[in-house]
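Residue-level listing of the chains:
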Amino acid sequence: MEDLESKHYQELMALKKEYEEFVYIVSHDLKSPLRAIANISSWIEDDLEGNDNAEIIANFSLMKGRVARLESMMNALIELSRVNRLELDQYEVSIPELVKECAAMATTTPNVSFHYRIEIEHEKVTTLAKKLEKVLFNLIENAIQFHDKDKINIFIEIIETNLAYEFAIRDDGPGIPEAVREKIFNIFYTVSAKDLVETTGAGLTICKKIVKLVGGTIELVSGEGSGTTFKFSWPKEIVL
Amino acid sequence: MKNPTVANEKDRLKALESYAIMDTLSENEYDSITKLAAYICNTPISLVSLLDDDRQWFKSSVGIDATETPKEISFCQYAIQGEEVYEVQNAQLDKIFVDNPLVTGSPDIRFYAGAPLTNKEGYNLGTLCVIDTIPRMLTDLQKNALKLLANQVINLMELRRKNIELKNTQKEFQNFIELSKDLVCIANVDGCFHKVNPAFTTVLGYPKEELEGVPFINFVHPEDLDKTYVEVEKLSQGEKTISFENRYRCKNGDYVSLSWNSSPDPETGNLYCIARDITLEKEKQAQLIATTANLSALLDAAQFSIIATGVDGIVTNFNKGAEKLLGYTATEIIGNKSPASFHVEAEVIKYTKELSLELGVVVAPTFADYVVKSCAAGLSTAKEWTYNRKDGSSFPMLLSITAVKNNAGENIGFLGIGKDITKEKEAELKLLNSYELLDEAQVINKRGSWKFNSITKQLLLSKGHYAIFELDGVPDDQLYTAYRARIHPDDLDILDKLDINTLKSGEDYVVKYRIVFPDNRLKYISEKGRPFKDENGERVGVQGSIQDITEKREAELSLKVSNELLDNSQRIAKIGSWKFDLVSNDLIWSKEHYAIFEIEETVVEGLNEAFRSRIHPDDIERLDEQGELTIKTGADFNISYRIVFPDGRLKHISEIGHPFKNSNDEVVSLQGTIQDVTERTIVEQKVLEKSKEVNDIRAALDEAAIVSVTDLNGVFSYVNDNFCSASKYTKEELLGVSQRILSDHLDPEFAKNILRTIIKGDIWKGEIENRAKDGSVYWEKTTIVPFKDLKGKIYQYIAISADISEQKLAQENLNFALIDLEKNIKELDQFAYVVSHDLKAPLRAINNLAEWIIEDMPEMPDDVKANLELLKGRILRMENLINGILDYSRIGRTHIEKEKFDSKLMMDQVVETIVPTANFEVIVDKHFPEVYNAKILLYQIFSNIISNAVKYNDKDHGKIECYYEDLQDFHQFTIKDNGPGIPLEYQERVFGVFQTIEARDKKESTGIGLSIVKKIIDEQEGIIYIDSKDEQGTSFIFTLPK
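Protein sequences appear in the order of chains C and B. FYI, in numbering that gives the first Met the number 0 the residues of the first sequence are 0 to 239. FYI, in numbering that gives the first Met the number 0 the residues of the second sequence are 0 to 1041.
Looking at chain B on its own, in the form it has when it is part of the complex:
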């Protein structure tokens, strides 16, 4: 048997291997295909057979149990040779298979049909085959189906391969990430770490568990949060990738700088992020920056010009200082020029020549040469050069040049450091000039200096000296003589002696003397002298300086005068001045200062202590603080304090001080004045007290009164609260408004009268009716006081008022009451008149009619006549009664005429009129006197008491007894009845109006009667009282003055 070979069998096997399918477990997908194939082809066996190197392996099988067979006996090896379905209809008839053990033995194959499994690359990996134990033939349809199913198998396999590839890739990727030193993570849309790689733990120190599920922002350095948010925000704006740096907090609290690259997964929104720890880089970068900055700062130091060159002399570095000094920019110079261009060529040549001589070698006129050579010789290269600027100007430059060498010691260039020494040069020059200036200064300051050699008699004078002595132009040989001639004759001797003494003693001297000029002018000279020695140390002469002090002396003289003046004025003004030297602690006072402090002028030492001992203990601390403050701030001060004298007197001092500073701006002395302000302070205090008093009064006024202030035009400038509440206006409504707002309705004449009074400066007092905001009227009792200034000019008016509206109202009420009263009196008069008049009218008519009846009846029976007469009598009596009542009604207003009458007669009439004859017995004391009184009043008393006795009598037989007693100045009457009596508790009350003991409707009584009785007796200054024991009747006892 010959086995077929496939041309590319090796590749085919490799392809098969790529599916990694061999010897895998059975899978449903494949099994369903084989079942389907068996079903479609109606065969008992169906297989997915894959051909390995030496075997065929069944991925899926239906109808047989074997999982593989050797390749050489396989049908499939033939089937995979072609592309179509390979069919063996009867293996026993096929010479290839007739001996095949699968045909000859189990499973007794007769029929075989296999569709090759051809993958994408064209390799036939195996077959999908159907097998039967009987010969058969597939229809075309069945073949096609088999082919389609084979395709399905390949699809399944392809899928498998892809999965495997994916898994591998994933695995690789995973490994890659796991091993990465970079931080790799996935953050979910919530901003939490979803997955992190081990590098996170390595770099940040957190275990995975502490990171995953935690918001990554938790770890970001607070200062980098904003930056991070901004970057993350960019992603949501649609950027595909972001790169940024931030700092993350490690578990140990340190921060590492991370450089991030992130991009989002467009579907899930997850962020894929990679970060690199760039902490070290950052640090290095920072270091570099710092170093660079230092170096730059050094190189850029403007005061030095630093120029580096290569060995060829071409400038390689040109710093800011050089730029500034030379006026070139670095770019102009670097790589283009050599420093030689700044030099004056002649100087270089000159110098190199000198150097050549010095070193004994030829030095070329180049820097390179001179530097190298002078360095080698150990000479300093520092030297002054003249440098030319770009603008052609030149300046002196002190330049040091160093050769720069590499590690091998080869010269690789030069570094020149130069300094502009213009200023130093100038200073040098100034020094030279200053000698000349001194002379000039001496002339100006009227000073001179001199030197005299007493041995040679040689006199040297400075220019200033000449000028003061006015010896200009005098030849040197005549100078000494001319000099001496100038000295005042009186002083010459002194000077000569002084010279001799000085030479002897070797001490300095100061002397003042005069010089005289031919025109007799005098000058005052102050001279200082000091001996000088020759080479041998012998004192051979004197030298010194003079000063023309003529003017100063004059000034001093006038100063003395003015000091006296100052003292005087200080004394008058009680001002003293002082000066305190902070360095020496010396305190100097003016005369008046002593006087104010009452300290002896002789006290100089310890003056400060004396001063301090005077200060009031309560003020000294404050004073010291002020002093310290002044020294610190250098500000002027102004302070008040008290001084106390041993006898307890106080003085108030006001002090002004000014600090003086030295050139170092330190306060070295204080100077100032003091003033005795005791009187002023006392006055001020009094003013203060006074003003407080005024304020108190004002406050009290505000409490109590309505107060307003107006200006000359009557415009309110002040109103108090009371004013507002009275006027019902607010302060805002009143201030700045004329007082007419309240008083416009007043009679103009009245207002004018007020104005006339106050503009004269007089006080106006009176009552004003003001109109409040709501239109209501209120009365004020007002005092308006014009306030005058010192010149007596009125500047404002103050009105102080009390609200008298109530008073006014009361007054008005009173007026009304008076009117009412008058009206009532009038009415009562009217009433009394009308009543009496109207009652009398019918009475007269009755009287007349009685007369007429008598006239008409000439033969009148006597009894009729008697009755008519009786009638007339009664009428008369009644008329009298009416008149009396009328009179009585005027009690208290008109005096009722008193008359003499018989009280017995009156009592009889009363009894006759009132008491019924039946059942009543009345006994009237025959001693009833003749009285002098108003008839009607006594009638009132009698009739009321008798009337009551009758009215209230409860006995079958009433009895009334009337007694009289003469009580010297008084008549005393007693009227006793046998009625029910009056209980004690009612005895006072019965005299009240409308008081009756029994109910009103029971007995006809108004209770007014007894009140009238009491009133009459009270008015007569008599007394009335009741004597009544229960059931024993009542006695009314009353007295009337005689």
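With the rest of the complex left out, here is chain C:
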């Protein structure tokens, strides 16, 4: 029985390793050929200097866009592969400050209002600050990026429990249809077509991987039409 169990465990570990390897291989092995493609396309661009065929120019710019997208996807994959390996330093941060910094970074337009409800006893905590920052940034950025209204309201709630900080990031945007909820954490998945909103669709995947790494949970709790709420818990003690 134990043998069987350990065998299963080993298999599981192997599988995880394979996953890591896969991400690595994809991101690294494809990096060089992609670089080549990017290089060639820039040579062609040089060659086409002075050509005024509008259709060609449009097509070429489209091609450049695709190459860029491909590159950003590759970068996203690399980032994903690095979640478990890089930026694993724990240091002390102030949770409210961190949240506000992230909010400021993610805000690109002036029509965004943040509403905070922070009920925590210990503001400062020693944690994987870079990772937490990444999660917060991605979620806030998503909330702003996919918003469909002129006025954007973002509600950020932080509650401290015995073992963790509970974060809730809510927006009054379009919400996520019930049917696709399952998929949003999948890599490269975007609710709307990539051409409408340029995004790799890797942010939530990375968020989930980070939260999983620290031993917390992340979930989507919104209903369609009444905005989106992401809730995640961030344990005070993180054991890697």
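Check the hints yourself; a few may be wrong.
List time: in silico DSS-like cross-link candidates among lysine-lysine, alpha-carbon distance up to 27 Å [as the list claims (entries may be wrong)]: (1) K15/C <-> K839/B; (2) K16/C <-> K787/B; (3) K30/C <-> K685/B; (4) K685/B <-> K15/C; (5) K133/C <-> K123/C; (6) K182/C <-> K825/B; (7) K897/B <-> K16/C; (8) K764/B <-> K16/C; (9) K211/C <-> K825/B; (10) K864/B <-> K30/C; (11) K764/B <-> K780/B; (12) K148/C <-> K99/C; (13) K1013/B <-> K1028/B; (14) K691/B <-> K787/B; (15) K787/B <-> K685/B; (16) K925/B <-> K950/B; (17) K99/C <-> K129/C; (18) K15/C <-> K148/C; (19) K899/B <-> K1014/B; (20) K16/C <-> K123/C; (21) K6/C <-> K691/B; (22) K6/C <-> K780/B; (23) K825/B <-> K230/C.
Keep in mind that the hints were calculated from the coordinates and are not lab data. Just so you know, these numbers come straight off a predicted model, no measurement behind them.
Since chain C is already given, all that's left is putting chain B on it; use the hints.
Coordinates of chain B only, in the frame set by chain C:
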């Protein structure tokens, strides 16, 4: 000069003497009075003068030195004549005093005034007087004062007298106490002797010092302490006096009895106690009591009637025995009656008449007379009389009468001691009757006795003999003939000869013969005979006894049969019986007893020794002890022991014995049976061993397993500790409760299935999920075994279980892990698919766009066209790569299709894609072979190694050399760079995941690449190793099977 006289002068002097004041020292009290008197009367002299027989003596004086003067010249003798103050205003003018030397000479008295000192009894003892040398006169006031002061003087004197009296009384009292033989003491409130008189020392032996200040209770006999406390306590209850006795310890350790009288002083609480030594009295009293008791015991001895009378015959003492015998009470008789009233008058008259004849003197029919006279004649007065009881019944009395005399030898009464001899009389009568009884007994016992005179041929038969021979009614003269006719013809001759022989030899004989009756009935007779002699000592006949032994013989016959039966049955049952006569030490065994002990039946003498020699040495002592115990207590016994045979065989014997007692209640014989229980014992031992084994197994089970026993209804009758700890119930909570307490939640069908199995008597095995007391669930792997009795009926179920909760948990975890694994595999598939699909989408778009651009530009410059073609080529290659990676991700799960391809071509592509053209020289061995393998895997190997060679190269001019060697079954590739080299200690580690030699952030590297390479080569069963000398670059050498 004429001196006045007082009428009662003698009494007055006596009164004065009673104050004992004369010639005493001066006292302040008196002096202050005289001073006061002088002061009040304004005179230089003042005196308290007391008139003795011939003088006046001054108890106190002011103004003169003299202490006394002769009475006849005193003024006071006049003053005491009256009751008022006697005043002489000018003595020179007073004819009584004009010549008085006290006037004519010193102290030249002119004035005198004296108040008489009159005591309670009215005697004037003297005066308080004031005197001056000049004439004067007292005022009335002064006189009064003088009188008052005189009174004071008398008061003082009275006080004095009282004191004296008191002292005397005390003295007397003291003497009295000192001299008293009684013990007198004062005890203080603390219970200590305060004062004791010398009698204490005399009686108790302690000196005064050892008593005074010591608690009196210290001396009281321990047994009398309580009594003493009780008495003393009474005082505190308010009793004025207590009287009691107790014992005091003397200095020599003896005890004396003291009789106490104590009373407390109500003020101080002190106890005044007087005690008398009553030890002697006590002893005498005790003696008296003892003597009285002895005497009473004697007199009250019920078996004798003791009656004392005075000379008049009137009873003076009538003891208990007499009361009992005669039915009168002592009070009815004493002083009222004479013993004559108990007698039958006729008997007395008859006896006295006889006595008269015998003694030759007239004896009156009274006891007095007969006793006196018979005593005088030296005859015994013991005689049987008929005595009448109060209730009229009578009994025989053996009576002795003694005349009681005083010191002077005068007769003062009689003492009669009588004994009821009814019993003796009865015994006498019984003896007479017993002869008759013998005959009767003989008849009943079928015995008879006879006597035959061979000379006269006279035959005498007892009643019993007649009965046995059935000769009743035969006349004596025909008896002999009839007797002989009864004898069996075959036996008659023998008997006749025996008779003759007996007469000759004079010896006793015993013979058995038969008698025949006319109806041919037979009787068996046993006869004992003995010759008897006539007066001359000649043997003239034979006498003896017979016994009808017909029935006995029959009984013996049947006994013989039954003995055989017994022997047989004993043999079968291996039971032997024995009897041991303690008197003769004879041991008798039954046949089977011999057989069991394997001793020859012929052994009779020394059987006991033979028996003992068989007993196992370890058991013989026990056996002997049992024997002794039985003889002592008379109780039955039951004992097991072993016997050993010379060949070493053992037998186990169980013996039961019963002691028999004689009429003296002494055990005279033992009787019993033995049984050979060897087989049984062996079986028992086996059972014992077996049960121990079962117990051991059970104990082991208890240690190891969860065990429970339920009855047919599933009610627990036993649970072990493991059961309790698993179920979290206590034994008390489980026993008597149905097992449903644990399993009620189970699927009814499952439970039914178990029940169906076990009620059939089959063993059920399986896993059960039980619910513990706290609601938690635990799994047991259980075996339920139905236990059947000898008839095959199930009477209980035993469940033996192991707690497999952990196993179950592990199983569940495993299941979860499997699910997890599957989920992960699925996720990975999904991920791989999504990644490759999503990456391919823009790639296709780029490809399409390149096509469109070519279409849109018909006159495209060649270099542009070439670049676009190049782009398309790269896109295709990348797509292939993505597919390959997708395939690779399924390593271990799906087999990647192998194909033949040119490894040189692949290496060239890798180099072209990865190695920058500037600053790097790459040499690829032209012998790179065609290989049969999965393209993507080899691509992984090549690209990772080349990529590392480029990435870590630290030279301005990088150089990578790729060599090939054919190793029969393997391809061996070597990729050599001119980079920094890998230190020996890192050479193994570089293949580990996430191992890079330099810090992670320094160079973009995840360290995963080489681990993938190693994994692929390991899976292909090839080998990879590093050949690197410091600063000499690194060679990766690996083999792949062909």
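To see whether the hints hold, each was checked on the structure:
1. Proximity of K15/C to K839/B is assessed by CA-CA distance (about 24 Å); at most 27 Å being required, the pair is judged to hold.
2. With a CA separation close to 60 Å, the supplied pair K16/C and K787/B exceeds the 27 Å bound.
3. Taking the CA atoms of K30/C and K685/B, the gap is about 87 Å. The hint is violated against a cut of 27 Å.
4. Pair hint K685/B plus K15/C does not hold up; C-alpha atoms about 65 Å apart against a cutoff of 27 Å.
5. The hinted pair formed by K133/C and K123/C meets the criterion: a straight-line CA distance of about 18 Å does not exceed 27 Å.
6. At roughly 14 Å between alpha-carbon atoms, K182/C and K825/B fall within 27 Å of each other, so this suggested pair holds.
7. Simply put, K897/B and K16/C have alpha-carbon atoms about 24 Å apart, close enough for the 27 Å limit, and the pair holds.
8. For the hint linking K764/B to K16/C, the alpha-carbon distance of about 43 Å lies beyond 27 Å, and the restraint is violated.
9. Between the alpha carbons of K211/C and K825/B the distance comes to roughly 18 Å, so the proposed pair stays at or under 27 Å and holds.
10. Restraint check: the Cα-Cα separation between K864/B and K30/C comes to about 24 Å, which is no more than 27 Å; the hinted pair holds.
11. Straight-line distance between C-alpha atoms of K764/B and K780/B comes to about 8 Å, which keeps the hinted pair within the 27 Å bound.
12. Taken as a hint, the K148/C and K99/C pair is honoured in the structure, with Cα atoms around 22 Å apart against an allowance of 27 Å.
13. For the given pair, K1013/B sits about 21 Å from K1028/B by alpha-carbon distance, which is consistent with the 27 Å threshold.
14. Our distance criterion of 27 Å between C-alpha atoms is met by K691/B and K787/B, whose separation comes to about 20 Å.
15. Distance check on the hinted pair: K787/B and K685/B sit about 21 Å apart at the alpha-carbon level, within 27 Å; holds.
16. Of the pairs offered as hints, the one joining K925/B and K950/B holds, with about 25 Å between alpha carbons and a cut-off of 27 Å not exceeded.
17. Among the hinted pairs, K99/C with K129/C is consistent with the structure: their alpha-carbon atoms are about 14 Å apart, no more than 27 Å.
18. Distance restraint check for K15/C and K148/C: the Cα-Cα separation of roughly 41 Å exceeds the 27 Å cut-off, and the hinted pair is therefore not satisfied.
19. In summary, the hint linking K899/B to K1014/B is supported, as the alpha carbons are separated by about 22 Å, within the 27 Å threshold.
20. For a cut-off of 27 Å, the pair hint linking K16/C to K123/C is broken: about 35 Å separates their Cα positions.
21. The straight-line distance between the Cα atoms of K6/C and K691/B is roughly 46 Å, outside the 27 Å bound, and the hint therefore fails.
22. A distance of roughly 25 Å separates the Cα atoms of K6/C and K780/B; the hinted pair therefore holds under the 27 Å criterion.
23. Restraint check: the Cα-Cα separation between K825/B and K230/C comes to about 26 Å, which is no more than 27 Å; the hinted pair holds.
In summary, the structure is inconsistent with hints 2, 3, 4, 8, 18, 20 and 21 from the numbered list given earlier, while agreeing with the others.
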